[in-house]
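A.B. asks: Chain by chain, the residues run as shown.
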Amino acid sequence: MKTNDVILQTTTKVVFFIIFLFSIHIFFAGHYTPGGGFVGGLLTTGAIVLLLLAFDLKTIQQILPFNFTIVTGIGLLLALGTAAGSIFFNVPFFTHAFDDFTLPLFGETSLHTAMLFDSGVYLVVVGSAITIIQSIGGDD
Amino acid sequence: MNMINLLLFPIIIPFFFAMILLFFKEQVVIQRVLTVIGLALSLVASIWLLVTVKAEGIQTVTLGSWPAPFGITMVSDMFSALLVTTTILITFFVVLYSFQSIGIERERFFYYPAILFMITGINGAFTTGDIFNMFVFFEVLLIASYLLIVLGGEKRQLRESIKYILVNVISSALFVIAVAYLYSIVGTLNMADISVKIAEINQPGIISVLAILFLIVFGIKGAIFPLYFWLPGSYAAPPIPVLTLFGALLTKVGVYAITRTYTLFFVHDIGFTHQFLLVLSLLTIVAGCIGALAYFDLKQIIIYNIIIAVGVILFGVAQMNTSGLEGAVYYLIHDMLIKAALFVLIGIIIYVTGTSNLREMGGLIKSHAALGWFYLIAAFGLAGIPPLSGFIGKLLIVKGGFEADNAFGSIVLLVSSLVVLLSVIRIFIYAFWGPQNPDYPLPVTSKRTYRQLMAPAVLLVLVTVAYGVGTEWLMPYISDASDVLRDPSIYINAVLKE
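Each protein sequence line maps, in turn, to chains B and D. Residue numbering for the first sequence follows our numbering, starting at 25 and increasing by one per position. Residue numbering for the second sequence follows our numbering, starting at 156 and increasing by one per position.
Next up, chain D with everything else stripped away, as it sits in the complex:
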């Protein structure tokens, strides 16, 4: 069956279910059931899309039956199809985790619709082939995230959401300004067409300026050095399931946008633009490492690990060779999965101990052995110990760095892995080893809740393990994705065919 609208299904289905949920504000059970059904259907659609893209190449549809540069084109290449599938998969597990952890009060106030609207925005931003449409989908996901960050109305959430909204409003305004500049130069908004037009004028100075402006815009969203300042405070405020969604998905949209623009638009003056990206990505890694070691707070340690990962992925992108880009794609998906798993696991640790301060914990392995071992697997996966999922991605990125004569950067990357390992193992040692801290007895928690929290966490960890062990089977998909990034003409031909 030939379905030309197939690539829109992962966007439309969550959108549709979010609307339906608006009618059932108070009926929490109906909301839960519908959300799970909606996400399951989206997951099926996205896997179907993935198979289709693998079999038939890049899928495009230009909305409203208009010819390509004039209508809004939606483009699903392997890179975006993989990201869309990962997004829905993670959301599915986080929603299961939410049932026990988010609390009925939040569920009754548009929690699930907000998640589904956010997924709509994220999938849309991954799929769109139009730069202004990307802005619109950014706003869709941001406005839903504003609700999620403030939902509950705790004092800390109110304070941090003001910062979060302020920063994002400013970066959105910059995004519009950047699109306006770009439009005044090339006269088109279709991303494939922009790429053609920039190649025609051979990237004069003004386009390089724009490249930096786009890096600033997406850098604020994706938290690169020195624009990450808002992230640690804001992400620590909302409850764990929301933090998991933010940490696993939101910054990655910024990273995706940088990757897309820096492999499709700004490829004619790599000496300047990509060098700039390279330096910033290394500084991002360093800043993240410092933060990850500095804290004794579970949430902050993992939050700073997000920043490190953003730096690692962008370092891969900045190489612009096969290994670097393959590594970046592989590592991006790995990082989404592993961050979701880690946040969910530390959420359980916080639930069990009643605190997020490492100094007040100890001896959990005696009472919660499964939690401890799954946390250890996830921690090793994050640090990149073979055969777990973090290994191949980082290996390819480091290889790409050496091939592109950025030996120094590659060494920084390898050292950062040690820091990452140290930061997450510290959690393991403090929380699970040693005797139970006598000053801080464990609060009374329900075994049933604990088990229901563990189920999605265990499944997520198993997915990351499968992602690492199954590298051999996944590599064709990853290399399809990086081929499009390395050679923009594949993308352009798919969109502007005939």
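Only chain B is shown next, with the shape it has when bound in the complex:
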């Protein structure tokens, strides 16, 4: 028997974006307040899991047509690349750099290469968590 979960699906469509935006907020706020790549990534995963609960695996794979193993790989490369950039300046590995920039929309902004490393962590967390859930959930 097919259950009708219109309430769940409608609520999910709204709540998903709230959770997703919150995860992005947590991710960007990591330098000055609690948060960062790891929790940000987990929250994004949580949002996607909510989608998986409300809809089914196939639909979600159509909406998000990524190979999440590749996402993990890209995240790892980003993290290593940030850390290894220091090799080319002959300073110790993992030496970060930062400076203040005046950006068109944001105004005076401090940009730090730790951010790039954090994006790597974010992608690895999302990629590996979704891979785990997809491979367990897709197992018949």
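Certain hints may be false.
[Stated by the list, open to error] Restraint-style ranges between C-beta atoms, simulated for each label pair:
id: 1; chain 1: D; residue 1: VAL324; chain 2: B; residue 2: LYS37; range: 39 to 47 Å
id: 2; chain 1: D; residue 1: LYS209; chain 2: B; residue 2: LEU135; range: 40 to 48 Å
id: 3; chain 1: D; residue 1: LYS318; chain 2: B; residue 2: LEU135; range: 46 to 54 Å
id: 4; chain 1: D; residue 1: VAL324; chain 2: B; residue 2: ASP123; range: 55 to 63 Å
id: 5; chain 1: B; residue 1: HIS120; chain 2: D; residue 2: VAL331; range: 21 to 29 Å
id: 6; chain 1: B; residue 1: GLY105; chain 2: D; residue 2: PRO598; range: 47 to 55 Å
id: 7; chain 1: B; residue 1: ILE48; chain 2: D; residue 2: LEU321; range: 33 to 41 Å
id: 8; chain 1: B; residue 1: HIS120; chain 2: D; residue 2: LEU438; range: 45 to 53 Å
id: 9; chain 1: D; residue 1: ILE159; chain 2: B; residue 2: PHE62; range: 24 to 32 Å
[Unchecked claim] Here are some of the chain B residues that sit facing chain D, going by a computed Cβ distance under 10 Å:
id: 10; residue: VAL115
id: 11; residue: PHE118
id: 12; residue: HIS120
id: 13; residue: GLY131
id: 14; residue: THR133
For the record, the hints were derived by calculation from the structure and aren't laboratory data. What you are looking at is a predicted structure, and each value in this text was computed from that prediction instead of being measured. Built from N, CA and C at the ideal position, the CB exists for glycine as well.
With chain B fixed as given, assemble chain D onto it according to the hints.
C.D. replies: Quick look at chain D alone, frame taken from chain B:
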């Protein structure tokens, strides 16, 4: 050219190639080519590092440009540089051996990335100068090894991987607890700084307790008596190339960690801590000897020889004199090489005969003469017959034992050599001598595969022979390595300079 990050290259290069391989899951040919390129580059980097350490002394870099005790310091002294080079060399040959033996199904499921991630962890654990960072690298190599042990999903692999993971999770938890205790006492995680702080408080009782706790932690990883119980079952489950990597590399990381902590941290109450290590190492040898003689299974015989070697190396470390430590360093590298060679060779024997039961073999020398003679060379090398590689190491360890008035232990060591020789010669006699066993005809095998399996095995045996014959040239490197172990102040000054 002055490269301050040089000592990180043997860690970063395999890591980078492992990531790249994630993008080519199904393209086995690309995976093979990239793995070989990655390992070749790592080998070049590690040899370059070895030369640099020889010329300029200990290399250190503190990550993120932070001053020494505050950032994570990576330290490459001669001991770790030698181990890193040996690790990459062995992996290179095992990967070549894998092409013919591991099977396309496993290759398509992250086999090569797992190997490269494991090498990252092993090299990192050898190079790090930070005790918590060492824990992290232990986890890197362990998690990759979990994949390798279960990859393939045979019933036996599933059963043994559960035991393996369970034991290692428990020992990792103990590792964290031990680091937490240590941190609460000395307030630092940098290994050189820990050594200074322990010297300042002159090793009170609690530090000796910690020394034993660390021995338990690393003893589970390195399989010393009575913590080796998980090893024989778990190592027999995965296929031969994985078994070779595990047998040659993984337990040695535990042995390295014991050596490092017992020569850098816990050196102020040797009467208690090192006596403890000494007794356990002798019991490890005895336990290994019993196992090596008890089995008629090729894999189990060599697996128990790993345990014997762990005991021998730690006996050398427990002496804390020049001969003992030089012998331990020499024997450690010898043992990594010779175990890799032996596992690869018995892998070929198992491939040729289709069984690992000695009773079902016989007469192989008539059909596979090269295999037989190379196996014999490797077996003599393992037992320590001059001029092969096992000789000088054990000679120095025995000498160290006599110098430190541990004559009884040295005699146990010498007797164990006989047992080792007996156990591996038994394989030679059963498998190669006599007539072909009529009840068990040889399965049909491809000559081409056999030759491609033999090539890396022969090269590995030749490396061990060169290691034994070239002792004279290698000794300056070995004594540089043992100098750092004997005198922690060299290590401390290199890390906490100015």
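A.B. asks: Check the structure against each numbered hint from earlier and tell me which ones fail, lowest number first.
C.D. replies: 4, 13, 14
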